[in-house]
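S.K.: As a plain string of letters, each chain reads:
There are 2 protein chains.
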Amino acid sequence: MTIAMTPSPPYYAAIFSAQRNDGDHGYDEMAARMVELAATMPGYLGIESARDEKGFGITVSYWESEEAIANWKRNVEHLQAQRRGRGEWYKEYNVRVAKVERAYELKK
Amino acid sequence: MTIAMTPSPPYYAAIFSAQRNDGDHGYDEMAARMVELAATMPGYLGIESARDEKGFGITVSYWESEEAIANWKRNVEHLQAQRRGRGEWYKEYNVRVAKVERAYELKK
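In order, the protein sequence lines correspond to chains B and V. The opening residue of the first sequence carries number 1 in the working numbering; numbering runs sequentially from there. The opening residue of the second sequence carries number 1 in the working numbering; numbering runs sequentially from there.
Only true hints are included.
A pair holds if it fits inside one copy or across any two, identical chains being indistinguishable in the list.
When the alpha-carbon atoms are kept at most 25 Å apart in a straight line, the in silico DSS-like pairs for lysine-lysine are as follows:
id	residue 1	residue 2
1	73	99
2	91	73
3	107	73
4	73	108
5	107	91
6	107	54
7	91	108
8	108	54
Honestly, the hints are just simulated from the structure, not real lab data. Computed from a prediction, not measured in an experiment: that's the story for all the values here.
Could you put the whole structure together from the sequences, leaning on the hints where they help?
M.R.: Pasting the structure below:
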């Protein structure tokens, strides 16, 4: 992935940190679909994701408001993915919803 | 890495997303030292980090307050690392400082 092009703060971030189980079990396909689907949701600003070789990953999605995050969490297709995530894909995870107050960047 | 054990919100997160250059150039050693050093700073709560095979990584450090983050940013050894980061290690990066307002988790 690459760095998300987000507007000036304030905006919101959903920080999803997770340890995967072994094996794919349809995960890659669903993850790609969720990235695609999130981008169609109201208030979506961008997404960043990285996973290491041991299956520990961080995905941060950026949103205009808390309501936009709550709306994404309730999306029917996303709810199905969340259910499979709990049951099949993740050993543990943490979701943190945060208000981005300031930001700075380096570009070359 | 693993999921950081953080207290109940509110607390702060520094979300660091970066694209590395090719080659190590002393990066791994310095990154390990910064993780070690951050943990000694006042107001430190935890850190999570993941990097993919293309050198795109996300590191989220958690702190009790904005002041704790500002204090960490000013640490002399960290300032040296930041300078080398800009000059040698990173093609681009983004730092976002955010207030974590709510959190939930799955543990098995």
